[in-house]
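In the order they appear, the protein sequences are chains A and U. Here the numbering used here = 1-based position in the first sequence + 98. Here the numbering used here = 1-based position in the second sequence + 98.
Calculated from the structure, these hints are not laboratory results. Keep in mind the model is a prediction, meaning the values are calculated, not measured. Among the hints, a few may not be true.
Identical copies go unnamed one by one, so any copy, or any two together, can satisfy a pair.
[Claimed, not checked] Here are the simulated DSSO-like cross-link-like pairs (lysine-lysine), alpha carbons at most 30 Å apart as the crow flies:
no., residue 1, residue 2
1, 339, 116
2, 116, 232
3, 241, 116
4, 232, 138
5, 364, 339
2 protein chains.
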Amino acid sequence: MKCRKCGGKAAINMRQHKLSLCREHYLEWLPEQTQRFIEKYRMFSPQARLLVAVSGGKDSLGLWDVLSRLGYQADGLYIGLGIDGGLAYSSESQRLAERFAAGRGLRLTVVDVAALEGATIPEAAARTQRGKDKPCSVCGLTKRHVMNRAALDGGYDVLVTGHNLDDEAAVLLGNTLTWATGYRARQGPVLEATHPGLVRKAKPFCRFYERETAAYALLRGIEYIYDECPHAVGAKSIYYKEVLNQMEAERPGLKLSFYLSFLEAKERGLIAAQSDPAAAGLHPCTTCGQPTSAPGQCAYCRTWERVRSQAVRTLEGGQPV
Amino acid sequence: MKCRKCGGKAAINMRQHKLSLCREHYLEWLPEQTQRFIEKYRMFSPQARLLVAVSGGKDSLGLWDVLSRLGYQADGLYIGLGIDGGLAYSSESQRLAERFAAGRGLRLTVVDVAALEGATIPEAAARTQRGKDKPCSVCGLTKRHVMNRAALDGGYDVLVTGHNLDDEAAVLLGNTLTWATGYRARQGPVLEATHPGLVRKAKPFCRFYERETAAYALLRGIEYIYDECPHAVGAKSIYYKEVLNQMEAERPGLKLSFYLSFLEAKERGLIAAQSDPAAAGLHPCTTCGQPTSAPGQCAYCRTWERVRSQAVRTLEGGQPV
Chain A
99 MKCRKCGGKA AINMRQHKLS LCREHYLEWL PEQTQRFIEK YRMFSPQARL LVAVSGGKDS
159 LGLWDVLSRL GYQADGLYIG LGIDGGLAYS SESQRLAERF AAGRGLRLTV VDVAALEGAT
219 IPEAAARTQR GKDKPCSVCG LTKRHVMNRA ALDGGYDVLV TGHNLDDEAA VLLGNTLTWA
279 TGYRARQGPV LEATHPGLVR KAKPFCRFYE RETAAYALLR GIEYIYDECP HAVGAKSIYY
339 KEVLNQMEAE RPGLKLSFYL SFLEAKERGL IAAQSDPAAA GLHPCTTCGQ PTSAPGQCAY
399 CRTWERVRSQ AVRTLEGGQP V
Chain U
99 MKCRKCGGKA AINMRQHKLS LCREHYLEWL PEQTQRFIEK YRMFSPQARL LVAVSGGKDS
159 LGLWDVLSRL GYQADGLYIG LGIDGGLAYS SESQRLAERF AAGRGLRLTV VDVAALEGAT
219 IPEAAARTQR GKDKPCSVCG LTKRHVMNRA ALDGGYDVLV TGHNLDDEAA VLLGNTLTWA
279 TGYRARQGPV LEATHPGLVR KAKPFCRFYE RETAAYALLR GIEYIYDECP HAVGAKSIYY
339 KEVLNQMEAE RPGLKLSFYL SFLEAKERGL IAAQSDPAAA GLHPCTTCGQ PTSAPGQCAY
399 CRTWERVRSQ AVRTLEGGQP V
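So here's chain A without its partners, still in its complex pose:
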């Protein structure tokens, strides 16, 4: 395989694009494509203040690297979830995120959930209904809340996440198999701020295959955490990714055309949005003030209040948490 641009030895062959590139030209190509997607989907202007949600993985660190190289004002946000899973998952990913930022002189905000709310994610999950099977529900809820608040408090214009095509296609497949049309109607490269208290969100990597973002991080020499979150094992999203990978192996480009034809159908108004749960009237949470569709308190405040009350009850009962 030869690089299409210079004829040198190819570092990556992208079957779905019928394109092979050497290391040097791949490291040029991916940022160029990212810039193209930012413009095509009107994600943000060159002047926008961006907050990049950074997990320590290849996607978010790769994205932060690319946005900085493209000249955007992009700060980072790391959320400490307190997940160990036998591999010091959170502390290791935090170390890598901090090292990345320090090495490039980038600004990283760290929010530690245990310091903020009095318990780690696994502790919270163990104390609530929401975490009966897995902590993923309370984790997702918490990350969404903290990211939104950090972006608003910091005066950022857009919250940027590293979701890649594999992530997006898996969510789309899951929502499609259950015809969760409301959620589907909101899926896309940009999630508009439909309410003053909600930050605008964008996913500049949404058209890159996971292997493309992984190749970028590797070829760029970014040190990132290889492990998936230990709680993600058996998650539906991973299962849907496997199904899509199988289909992709059989029909190269399927994942991309699945996602793009969805966006096109949505663009043409063919993906109905009637039942969008977020379209219901939002009002400020009585505790934190963030917009919520639930009456009174938002799900975040309600959940974490329950976590704290459970801690007290458990201590009173003298039982270990």
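Given the structure of chain A, go ahead and fit chain U onto it with the hints provided.
Below, chain U without anything else, positioned relative to chain A:
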């Protein structure tokens, strides 16, 4: 495994329904369910004159058996396609269809495509662009045309086909992966006659898994053709069935919930129909008079005219067809 109704030895265990039944109760259950679906989706009344499209396979013969037992006036239509494929596919399936009808005193109409149009399906495919890779396109076109004409000419109220859940879910998945929203909007247990020259269509088996219809035919002692059409090998629909079977193995009931949640979303108006190609203005074909959206001749007449002209040209050139 025991039969839930009588405690006897179960002949089938349906994980997705959490239901095991013995032979006798299964042979009661499937027709009862069929009747329930006929009513639920308002397919046809007890007085309707039905034409069942019969291929000689388990689904269509099983369906004809069930409809007759339920007391419906159901005649059969067999279309001779002239497919051999090394296993005398068409002649064997015709023999089984005729034998089924004769044994039960049912009325079967046989339309032979070669007698009607001067060439078998494989011959036609070899002579046209439509059959360059596979004869499936010209075959589908021909069957739809012949079925519609036979139903209209015979004064039938509804054309009934044996599509099962696996068929429907595979088509749905295929249309979903490409977001072919127009086609999807028309998919369902009933296809209304949207135009005077089009017959109403219904699929009473659309909620049965393929293994359920196969079990019915086996337990009822119906002799049917086991082979798939030899041209179906490698077809996308078969591929999508495999993907769905894998997902079903992991999550029993997925196929059914995929299909039912789709129907529900459609019912609630969430599956947009704007781009339905059939919604475009129909007019009578200048040759056969059947409704078509193409200008002038319909695709059926155009294709078969080309097939015949190719035969003449080939003979003139002195080359074998």
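- Message: Within, between, both or neither: how does the pair residue 241, residue 116 come out at a Cα-Cα threshold of 30 Å?
- Response: Neither: 37 Å inside a copy, 38 Å across copies.
- Item | Same-copy or cross-copy closeness of residue 116 to residue 232 [CA-CA at most 30 Å] | Classified as between: cross-chain Cα gap 26 Å, same-chain 40 Å, threshold 30 Å.
- Task: If the cutoff is 30 Å on CA atoms, where do residue 232 and residue 138 land: within, between, both or neither? Let me know, please.
- Result: Neither: 37 Å inside a chain and 39 Å across chains, both beyond 30 Å.
- Pop the pair residue 364 and residue 339 into one bin, within, between, both or neither, using alpha-carbon distances up to 30 Å. Result: close both inside a copy and across copies, 22 Å intra and 26 Å inter.
- Intra- versus inter-subunit Cα pairing at 30 Å for residue 339 with residue 116: both (22 Å within a copy, 28 Å between copies)
Checked against the numbered hints above, the structure breaks hints 3 and 4 and satisfies the rest.
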